[in-house]
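Enquirer: Please model the entire structure based on the sequences and the hints provided.
Taken in sequence, the protein lines are chains A and B. Going by our numbering, the first sequence opens with residue 1, and the numbers climb by one from there. Going by our numbering, the second sequence opens with residue 264, and the numbers climb by one from there.
Everything labelled a hint here was simulated from the structure, so no lab data went into it. All figures in this text were calculated on a predicted structure; none of them were measured in a lab. Backbone N, C-alpha and C define an ideal beta-carbon position, used for all residues, glycine too. Hints may contain errors.
Said to hold, decoys possible - With a straight-line Cα cutoff of 27 angstroms, these simulated DSS-like cross-link-like pairs (lysine-lysine) come out: (1) A:114 / A:187; (2) B:576 / A:143; (3) A:220 / A:242; (4) A:223 / A:187; (5) A:223 / A:241; (6) A:7 / A:70; (7) B:378 / A:114; (8) B:498 / A:143; (9) B:498 / B:378.
Stated by the list, open to error - Ranges between beta-carbon positions, derived for each pair: (10) A:137 / B:569: 25 to 31 angstroms; (11) B:409 / A:116: 37 to 43 angstroms; (12) A:19 / B:449: 49 to 55 angstroms.
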Amino acid sequence: MVLIEVKWVTKAYYTSRRKDRARIVLDNVSMNFHDNEFVCLIGPSGCGKTTLLNLIAGFERPTVGEVLYKGRKVTSPSPERGVVFQEYSLFPWMSVLDNVRFALNTMDLSSDRKDDIARNALAMVNLTEFADQRPNLLSGGMKQRVAVARLLAMDPDVWLMDEPFSSLDEQTRKKLDSDILNIWRIKGKTIVFVTHNVDEALHLATRIVLFSESPGRVIKEWKVARDMPRTPESPEMVALKKEITDAMPACACADVRPIEIME
Amino acid sequence: MLYNVTWLSVRPLRLAIHLGRTYVGEMLFNGDDDARIAKHLGSRKGSDPNILLGSDRPAALARTLLTFAIGILIVLMIWQVFAWTYNDVVGRAVLRFPAPIETFAMLGEFFFEGKTLLGHTIYEHIASSLGRWLVAFALATAVGLVLGSILGHFNSLFPIGIVPVSVYQMIPGLAWLPIALLLFGLGSNAAVFIIFVVSAMVITVNVAGGIRRVPPVVVRAAKMMGADDLTLFLKVLIPYATVDIVNGLRLGMGSAWRVLIAAEMVVGTGIGLGYAITMTKDLLNYVASFACIAIICIIGLLMDKVLFAEIEKFARHRLGMEEGY
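Expert: This is the structure in structure tokens:
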């Protein structure tokens, strides 16, 4: 079933204070996201991946075109489409538990029930013992796990993840990627995951969508079979990685002359 | 001879610098944190990385008091030197420049011997000024919080609303005098009005600024979780901006206190510290004027450095926004 439809979406922003110039970030992008898919959006930085995610979330509107969620036009954010942000987005004055409980603020539940749901969510990301702490005492990885727990509690149909673990160290990132993969397998939700890391995408996705450099267009996409072995050394993985890397647009910096060291 | 003089003066000076560095310096500049922790490393239990240090409160309090005392000492020294130069070195003036000792003696008479000033005890003057300040500041807080919240929250209103606020803020406190007199005539209400306008604008600007500085990602997170406008405002924007809001109140309080004294000096309130300063000046009782100035400083400092500093610390703590330890 098609859950999200992106139809001929173009997004442009002003690039000067005088508003006499604008720049196209997403250029006529059309794509669909299906139920229970794990889609990774990859591409060079500044190619509009985050913008597309913001449009799906409803934080911004397309300049031209439309985004449909379950057939209805997206005009504002909604708890049906949860977001894990690249930056830390916890409320510093609330305990970890209250941060997670906030995700239930629109739901008509008893206070005890909310507590249960929030504690369960924290248990799933192994943060039970930090429930009463403030976010400022948590490490970066733990903060992002709280952000994940928020969505676990809220239980949206769509998880929009904007390079959620890119500021974390390699080990932590891999661990959290595996956790997300497990959550996706258990919950069977639709995940749209932005990354610039091909390995991360190969590890997670059932579909990988490659964006061109700015202005962003979809260059190509690959399906990754669910039963495909996800070990990086497997021949299928190596082959797919080469294919994606070859298709990746050359970095804009390739045109620039190499740095010369002056004597 | 020359050699002797050098020897005499350099040795004690070096000693003083050495003692100053080791004792005063350590106390003033937070001490040596590593040295303090190193002393307790022995108490480590097994491989537990946590070390119990015991309370730093007494030492921290001593440091604060010492720092403050030195600062006050500098003020008194400048004052003393100035008074001494004016009275004894130049010494041509008819009137004496009140020295710290005379002023404090007068303060003692006011506070402990019940000496009256212009027919009122000093307590009555203080109570009258504080009362005026409290009424005006409470009104200004109410207006500033509401107006600042509206301007900060509604992006489309801000560019329009900030214009009148900036215009009013540019008008110096006493320049409101004609308007105050037109509206309220001479007397206490005119002073209250002046204090109110001045501090309300300061508070408005800071509250609006604080709300506008809430990071977009925090607002987006709240919206993504379904928070409606009211929830967003009450549960996210206001808490996030609390430190800025408290700071705005602090600045508003300071400007209210300063302009209060100035207003009392010109609108003829009949009682109050500012009124007492102008009257004693006209009566050539400069020592009493100085005593009133000292009281104003002390009350202002207490409100700013003790009351509001504590409120701000408390707010930071409650909001999980402490700046380091």
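Enquirer: Run every hint past the structure and note whether it holds.
Expert: Hints versus structure:
With a CA separation close to 19 angstroms, the supplied pair residue 114 (chain A) and residue 187 (chain A) stays within the 27 angstroms bound. For the suggested pair residue 576 (chain B) and residue 143 (chain A), the alpha carbons sit about 24 angstroms apart, so the restraint of at most 27 angstroms is met. Distance check on the hinted pair: residue 220 (chain A) and residue 242 (chain A) sit about 14 angstroms apart at the alpha-carbon level, within 27 angstroms; holds. Distance hint between residue 223 (chain A) and residue 187 (chain A) is fulfilled; the C-alpha atoms sit about 21 angstroms from each other, no more than 27 angstroms.
Annotation: proposed proximity of residue 223 (chain A) to residue 241 (chain A) holds, straight-line Cα distance about 12 angstroms (limit 27 angstroms). A threshold of 27 angstroms between alpha carbons decides the hint, and for residue 7 (chain A) with residue 70 (chain A) the separation of about 13 angstroms falls inside it, so the pair holds. Pair hint residue 378 (chain B) plus residue 114 (chain A) does not hold up; C-alpha atoms about 65 angstroms apart against a cutoff of 27 angstroms. The hinted pair formed by residue 498 (chain B) and residue 143 (chain A) meets the criterion: a straight-line CA distance of about 20 angstroms does not exceed 27 angstroms.
This hinted pair does not check out: residue 498 (chain B) and residue 378 (chain B) have alpha carbons roughly 52 angstroms apart, beyond 27 angstroms. Separated by about 29 angstroms at the C-beta atoms, residue 137 (chain A) and residue 569 (chain B) satisfy the suggested range of 25 to 31 angstroms. In this structure the hint that residue 409 (chain B) and residue 116 (chain A) lie 37 to 43 angstroms apart at CB holds, the actual value being about 39 angstroms. Judged by the Cβ atoms, the range 49 to 55 angstroms given for residue 19 (chain A) and residue 449 (chain B) holds: they are separated by roughly 52 angstroms.
Violated hints, in rising order: 7 and 9; the structure is consistent with all others.
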